[in-house]
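Residues in the sequence shown are numbered consecutively from 28, following the working numbering.
Derived from the structure by calculation, the hints contain no laboratory data. Backbone N, C-alpha and C define an ideal beta-carbon position, used for all residues, glycine too. Take the hints with a grain of salt, since some may be wrong.
To be verified - Pairwise CB distance ranges, derived in the manner of DEER restraints:
| hint | residue 1 | residue 2 | range |
| --- | --- | --- | --- |
| 1 | Asp213 | Gly53 | 42 to 52 Å |
| 2 | Ala186 | Arg303 | 22 to 32 Å |
| 3 | His281 | Asp114 | 23 to 33 Å |
| 4 | Leu180 | Arg248 | 19 to 29 Å |
| 5 | Leu180 | Thr252 | 37 to 47 Å |
| 6 | Ser296 | Gly204 | 18 to 28 Å |
| 7 | Glu39 | Asp162 | 37 to 47 Å |
| 8 | Gly117 | Ala186 | 34 to 44 Å |
| 9 | Thr97 | Gly173 | 15 to 25 Å |
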Amino acid sequence: MPPRAITETTVETNGSRLNVALGGDGPALLLLHGFPHTWRVWSAIMGECASEYRIIAPDLRGLGNSDRATDGYDARNLAADMLGLLDALGVESAAVVGLDAGGPPAFLLGLEHPDRVSRLVLIETTIGRLPGAEDFFRAGPPWWFGFHAVPGLAETVLAGNEAAYVDFFLRSGTADGTVVAPPVRDAFVAAYREPDALRCAFEYYRAMPRSAEQITDATTRRRLTVPTLTIGGQVVGDATARQLRPVTDHLTSHVLPHSGHIVPLDAPSDLLDLLRPFLAESAA
C-alpha cells in the first residue's frame, strides 16, 4: 500500500503515460528514482516531505506502473517527460531530486530549464562522461552496464529470475547487505516481473551513449546555475561533485559514508537532514 497521504494517478506527457505518486501541499518536490526501483524508493522520506512540500514521484518512462514505451530513454527526452508532467500538474517550478538513473535527466532539466527548477539534488549518480568520475570508473563501468546494453540479451537471460536479480541490486545497494523492507522489496520485484519491464529498464543503459553526448554538448554551451546539492554514499561517493564542480555555479556536496547506494532507503534520516535545510532555502 502507498504511504499514508500518498495517492497514485496517471499523467500523459511527451507521448507517454506515467504513473505518478502525489501527496502533500506546498512548494513542489519532484523525485526521480533509478534502477531497479519505482517511486516507492522514496517511501521512507515521503511522509516527512509531504508535511512541507507537494510531492511528485513518478514511475519513470517504461518502469513501475507507467506505460512500456518503445523508445525515448535518453536523458533529454526523459527530462522532457518531466517538463510535460510539471505542465500537466500546473507546476511552474519544482525542486528536483534524482537518484541513480534519475540523475542525468534531473541534471539536464536543471541545466537547460533553470526557470523550472528551483533546487537540484543528485544522489549516487554519475553524469555522462563529464570529467571527475575517473576513480569511480578506474576498473571500467560496473559489469551490468555492458550486460544490460546488448539489445535483447539481458531480458531474455533473466526471464523467470527477476526476483533474484532485483534482490542482488537491493542487497548490494545497502551498507550492510540486507534486503530492503519486505513491502518495498516486493513492490520492486512485482514491477520488474511485469511483461516488458526489464526491456524498458535496460533501455536506460542502451541510451547511455546518447545521453552522455547530450550532456557533453549541453555543458559546452551553458553552466548549471541552479543551486545544486550532491549526496554520495559508499558506491559513487564524491564522484558526482567532482564532475559538477567545473560546470556548476552553486554547488554543495556531502558524502554519507555509512550509507549504501540506495540512500533514500538505507539512510533516510541522514538524507532528510541534508534535504531539509537545502530545500528550505528555496522555499524561504
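Structure-based check of all given hints:
no.: 1; hint: Asp213 to Gly53: 42 to 52 Å; in the structure: violated, 31 Å
no.: 2; hint: Ala186 to Arg303: 22 to 32 Å; in the structure: violated, 43 Å
no.: 3; hint: His281 to Asp114: 23 to 33 Å; in the structure: holds, 32 Å
no.: 4; hint: Leu180 to Arg248: 19 to 29 Å; in the structure: violated, 36 Å
no.: 5; hint: Leu180 to Thr252: 37 to 47 Å; in the structure: holds, 41 Å
no.: 6; hint: Ser296 to Gly204: 18 to 28 Å; in the structure: holds, 20 Å
no.: 7; hint: Glu39 to Asp162: 37 to 47 Å; in the structure: holds, 42 Å
no.: 8; hint: Gly117 to Ala186: 34 to 44 Å; in the structure: holds, 41 Å
no.: 9; hint: Thr97 to Gly173: 15 to 25 Å; in the structure: holds, 23 Å
In the structure shown, a violation is registered for the earlier hints numbered 1, 2 and 4, in ascending order.
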